[in-house]
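Novice: Using the hints, position chain W against chain D.
Chains D and W supply the protein sequences, listed in that same order.
Residue numbers for the first sequence follow the numbering used here, so the first one is 266 and each next one is one higher.
Residue numbers for the second sequence follow the numbering used here, so the first one is 47 and each next one is one higher.
Hints are computed from structural coordinates only; laboratory data are not their basis.
Any given hint could turn out to be false.
Claimed, not checked - A short list of chain W residues far from chain D (calculated; beta carbon distances all over 10 Å):
1) Thr-121
2) Leu-167
3) Leu-287
As the list claims (entries may be wrong) - Quick look at which bits of chain W chain D covers, simulated, 3 or more residues with Cβ under 8 Å:
4) 101-107
5) 130-144
6) 170-177
7) 262-276
Here the structure is a predicted model, which means the values were calculated and not measured.
Ideal placement from N, C-alpha and C gives every residue a C-beta, glycine not left out.
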Amino acid sequence: MSPDDVMIIVIAGLLSTSCAVLGGFLVLRGQALLPDAVSHAVLPGIVLIFLLTGERASLWTVVGATAFGVLCVLGSDWLRRSGVVESDAALALVFPALFSLGILGISRFASGAHIDLDSAIYGDLTFAPLRTISLFGADVPRSLVITGIATVAVVALVVALWRPLQAASFDPAFAELAGLRGRLTGQVLLVAVAGLAVVAFDSVGAILVITFFVVPASTARLLTARLGSMLVVAAGCGWIASVAGHGVAVSLDTSIPGTIGLTSGALFALALVLAPRRGLLARWKART
Amino acid sequence: MSGTVTGSLQAGPLGGLLESLPLSYPDAVVVVGTAVVGFVAGLLGPLAVLRQRSMFGDAMSHGTLAGVAVAFLLTGAKVPELLLLGAAISATLAAFAMIALERAGRLRSDAAIGVVLSVSLTLGIVLLTGISDSGNAQQSGLDEYLLGQTAGMVERDIVVALAGAGVAVAVVLLGFRLLRSATFDPGFTAVAGVRTWVVDAASTGLLALAVVLGVRTVGAILMVALLVAPVVTARQLTTRLAVLLPLSAVIGAVCGAVGGLVSGRAELPAGPVIVLLATALAVLSVVLAPRRGVIARARAGRLREERGRVAR
Numbered sequence: 266m267s268p269d270d271v272m273i274i275v276i277a278g279l280l281s282t283s284c285a286v287l288g289g290f291l292v293l294r295g296q297a298l299l300p301d302a303v304s305h306a307v308l309p310g311i312v313l314i315f316l317l318t319g320e321r322a323s324l325w326t327v328v329g330a331t332a333f334g335v336l337c338v339l340g341s342d343w344l345r346r347s348g349v350v351e352s353d354a355a356l357a358l359v360f361p362a363l364f365s366l367g368i369l370g371i372s373r374f375a376s377g378a379h380i381d382l383d384s385a386i387y388g389d390l391t392f393a394p395l396r397t398i399s400l401f402g403a404d405v406p407r408s409l410v411i412t413g414i415a416t417v418a419v420v421a422l423v424v425a426l427w428r429p430l431q432a433a434s435f436d437p438a439f440a441e442l443a444g445l446r447g448r449l450t451g452q453v454l455l456v457a458v459a460g461l462a463v464v465a466f467d468s469v470g471a472i473l474v475i476t477f478f479v480v481p482a483s484t485a486r487l488l489t490a491r492l493g494s495m496l497v498v499a500a501g502c503g504w505i506a507s508v509a510g511h512g513v514a515v516s517l518d519t520s521i522p523g524t525i526g527l528t529s530g531a532l533f534a535l536a537l538v539l540a541p542r543r544g545l546l547a548r549w550k551a552r553t
Numbered sequence: 047m048s049g050t051v052t053g054s055l056q057a058g059p060l061g062g063l064l065e066s067l068p069l070s071y072p073d074a075v076v077v078v079g080t081a082v083v084g085f086v087a088g089l090l091g092p093l094a095v096l097r098q099r100s101m102f103g104d105a106m107s108h109g110t111l112a113g114v115a116v117a118f119l120l121t122g123a124k125v126p127e128l129l130l131l132g133a134a135i136s137a138t139l140a141a142f143a144m145i146a147l148e149r150a151g152r153l154r155s156d157a158a159i160g161v162v163l164s165v166s167l168t169l170g171i172v173l174l175t176g177i178s179d180s181g182n183a184q185q186s187g188l189d190e191y192l193l194g195q196t197a198g199m200v201e202r203d204i205v206v207a208l209a210g211a212g213v214a215v216a217v218v219l220l221g222f223r224l225l226r227s228a229t230f231d232p233g234f235t236a237v238a239g240v241r242t243w244v245v246d247a248a249s250t251g252l253l254a255l256a257v258v259l260g261v262r263t264v265g266a267i268l269m270v271a272l273l274v275a276p277v278v279t280a281r282q283l284t285t286r287l288a289v290l291l292p293l294s295a296v297i298g299a300v301c302g303a304v305g306g307l308v309s310g311r312a313e314l315p316a317g318p319v320i321v322l323l324a325t326a327l328a329v330l331s332v333v334l335a336p337r338r339g340v341i342a343r344a345r346a347g348r349l350r351e352e353r354g355r356v357a358r
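One chain only, chain D, in its complex shape (with noise of 0.2 Å):
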């Protein structure tokens, strides 16, 4: 293997492992669809940085898209709040007419301007390791420093803030009641989770946000019972489907984001048949 092909493995495996452990709360809370959404909504948000600025890879376009995926996940919930939509129904309004903001603005002002659609939705994984910048004098992957600090940062979140996030989870009424802010609790996750999705957006495309998000995770899900243990094998999930997906990837020439996508799809399938007690072929043997 190439130094290239280790950074994207990396890459990679890093974002995996913070969205694995985001995306493990989400699957508890029912709220699995939300980093799609938000990796949908944010592209408003580069497109008028582009448009103010010139520039599509700049600090301040993770600034703007993170606020269009904060003002994404605050409209829904503003929807949902009002008694007058469900929940996914308010989801499935708000992240379509934002990203028709952003197609409409790249259409109208910014077309040829480099602004590729297809990178932003398929994803730019395995160019990643081309585009460096330099630190210490030395020239390291720009994807590699950010989802490096994203993954600290994450870890250092979910570590923060292990008890109130654990009630949050499993009973948000006893988290308000236990003095836990479980509401507070509930949106930090939410703006943390519109953060990583920007993060992920920008260094493996749309198409690995939802996957690394919810698929390692509900593959976790199957396997353990236990929230601790559940984080840490979804993590490992997502290393695993990174560094197969990328092998498979090159031996067949194709998307390395959408062999890792099916890899993980592969693992979660495995699970759902083989898991030792909530698997297919377990439960069916408890009942006969």
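Specialist: Positioned in the frame of chain D, the structure of chain W alone reads:
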């Protein structure tokens, strides 16, 4: 205008209808086409929204990509009807996978949708990557299914969409009572001796129909809005299913027609314009609707409070 010239050249079975509109022929094709697509999505959207399955449409529309790619690989040519058939099959498979994961796998619906969405999208991307690397000259334009495209719409597309609309209206009319009881009281329906999986399968098939018709126009990513937004608008204005279905269909058709027209005039992509229009209507109705609107509710709440104070 050149429109009449091309019109007389291409006029098919719908030539008379299209020429009766005060529009150039290409504009008329787009407007009628998007209106029919909006109508079908609005009519069938309640099957998803009222059962809290709004995001089903998202996974199904992403699922069409793999079907389109497989149909193209098998036939080696871009025959629109065959691509549609492939899209319909894979969208239906995606829907059944989600229902199976929920029922047999005991997954929560959001996780089931997420897993299916992820797998069907990445499968579609891998297949499309394979096709575009194969260098087949016919392949250009298959990505349009992701973002939608109305510019290439022809009369044949409208005929297909009208046929789909006919099927949808017929099934909804014939099965209305069953649909109603299965939507609002699945428990009762099951106890009453109806096989719920039949209703489930029928409504899933109808949703796949709506998704497949719409996905080429507005694209896989935006399709879900076309299913959900008209229903939310209509739901704010009525409480009866018998009114909700046609109302939401008409709202969808109007959004489609107006959006198609505006996008043609302003030279913008049609999908986003239609979606923004439908969403704006939905948000307006959520805020302003006479009884269920946010403002009306806040006012009713304040009124009740004041009355309470006076009574005390």
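Novice: Find the hints from earlier in the document that the structure breaks and name them by number, from lowest to highest.
Specialist: Of the numbered hints given earlier, those the structure breaks are 2 and 5, listed in rising order.
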